[in-house]
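Student: Residue-level listing of the chains:
Number of protein chains: 2
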Amino acid sequence: MTAAIAIHDPTLRDGNHAVSHSLSLEDIAAYCRAVDGCGLSVVEVGHGNGLGASSLQLGLARHADTEMLETARANLSRTRLGIHMIPGFARLDDIDTALRIGVEVLRIASHCTEASVTESYIEHARANGAYVHGVLMMCHMASPERLLEEATKQQGYGANAIVLMDSAGHLDPDSTRERIALLSSELSIPLGFHGHNNLGLAIANSLAAVQAGATIVDGCMRGFGAGAGNTQLETLCAVLERYRFATGVDIFALCRAIEQLESIAPVSTPTVVKTANLISGLYGVCSGFEKHVARAASEFGVEPRRIYEALAQCNAVAGQEDLIISVASRLSQPSVA
Amino acid sequence: MTAAIAIHDPTLRDGNHAVSHSLSLEDIAAYCRAVDGCGLSVVEVGHGNGLGASSLQLGLARHADTEMLETARANLSRTRLGIHMIPGFARLDDIDTALRIGVEVLRIASHCTEASVTESYIEHARANGAYVHGVLMMCHMASPERLLEEATKQQGYGANAIVLMDSAGHLDPDSTRERIALLSSELSIPLGFHGHNNLGLAIANSLAAVQAGATIVDGCMRGFGAGAGNTQLETLCAVLERYRFATGVDIFALCRAIEQLESIAPVSTPTVVKTANLISGLYGVCSGFEKHVARAASEFGVEPRRIYEALAQCNAVAGQEDLIISVASRLSQPSVA
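Protein sequences, first through last, are from chains D and H.
Take any residue in the first sequence, count from 1 to its spot, add 90: that is its number in our numbering.
Take any residue in the second sequence, count from 1 to its spot, add 90: that is its number in our numbering.
Calculated directly from the structure, the hints in this document are not laboratory data.
Ideal Cβ placement from N, Cα and C applies to all residues, glycine included.
Hints are not guaranteed to be accurate.
Computed Cβ-Cβ distance ranges for the label pairs, DEER-style [claimed, not checked]: (1) D/127 with H/422: 52 to 60 angstroms; (2) D/150 with H/352: 50 to 58 angstroms; (3) D/399 with H/399: 44 to 52 angstroms; (4) D/422 with H/391: 51 to 59 angstroms; (5) D/112 with H/422: 35 to 43 angstroms; (6) D/164 with H/393: 27 to 35 angstroms.
Please build the complete structure, drawing on both the sequences and the hints.
Tutor: Structure representation (structure tokens):
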């Protein structure tokens, strides 16, 4: 079996969660310069929650979206520039701004059962000539059949590809495979998979996704990403190559790039599966909640495990970071104990 | 499917590689006390290369074997105490010392094609009433059929179980499965698997091993171990439980133990898959070589990648750390460049 697999790298976007959205323009420039010749398909840049998401609720980014994108743009020539956006945080006219800066791949994302919120965004982007990934986040929360329904909607809006995100790191190789296999057999556009490592399965899930038909896979350098981190980029490429999938990535060039980048945040910040990440993955809570939960746990004197459990009980989805405070506050009341 | 899986924890032995064999008696005591009630089958303690291995060549341990074992012994009551030994580093009478201290599980290890060196050790240990795991290290370097031959020898010497070690972190789920499946169908004693995470596949390989019939699996807290680290203990237990294998481990109790241990080396030392670890895994070089290769690379001004490549070319096996210096020295000569 051989298929061409596009490696999509959200190190500078999902990884921004790991440093509370504090990536510097210098880090962004250095990263883009170092990886540009390695054969990656896309480098994605921005606030952890994507375009327009810098806010008190989700966390303020160190730099404006436009500054981050322009910096990346100036330092990429072979790898395409991508962004992530969630309608509501991102506005429709943010698409125009992104395209003007030269963004080449737009990911337009919703919770996995709410594809309809992406309709006008995908249509607007496509009407303006953009290449668009329709993204379904927290994809463990819907059955394969339900995901197919939602992905079919995004395909109908004009998406060029569909990406399933295991935003909570809750899937295993079997549950990944069944989701990708169904969509792969029913959709006419390429499929992608974005994993998190809460259960230590990000590489295995990504391999299962590719074996089931995905041709776009996400990986972050050293796993730098929200919560337990994402699928580790360099090991992902090596394992796909072992399984005879052609990624176009030069693994030894990528390794040399990593060695050059030892001092910048994506490489120097160790990505570890901590107990909070494991528990969050078991409960199926969005990886991007980690730092918010840790802060709320400390502020309200509540065990993180209880916050994750309560968030799971109310089916919290990515973007509902405001719930964390109210859940922690409720749990801190003596009557609830 | 449900089977009882024994979780074997070499954090305080394989992890000793990660800190150049410097684990303190205080760390050992704290670790044993914290995990004793969590349902682990065995905690293994000692120098990274096992009993008797403290030496200039392999690295001097901070404490004598007897001190480490006595400390662990005094702090374990429910989880059994285990050791690893490689004949040659360990002497036959080390077995008597270990048994006198109260070690309950003896692992007697050889390179995967050299089981015969374990014969007198396994026989001596069994004659003295010990429970013995016959261990085949670097098990990617032999075919399933050859491993079966060697494991059959160890079974014949009296081993109570056979453990395959992916010492280089080179296996993938398929190559793990075929090895364990063949041995499981042909041997009459239990089988174990010990993984390393160089390719990010330690959890997936361990799951594949259990699905193929292994009933003993190794995991280290936070992955603390040689090179890229071992299979992460707490995620391993969670994933096995997800797949309905009964480990007897209380995952939340284990998480609380980890939180208590934040300040000790196995938890506070981040285990990261660095480029050297990835390359070492791709070439199939023993994980325990990492720190020696790094030192030699720096001393002789040679890229670590070239040292790993040369070690692979001469089929270096665990215990041949002396080769690293000569390889690095040779590579540093202008005539070889």
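Student: Would you list, in rising numerical order, the hints stated earlier that this structure does not obey?
Tutor: Per hint list: 1, 2 violated.
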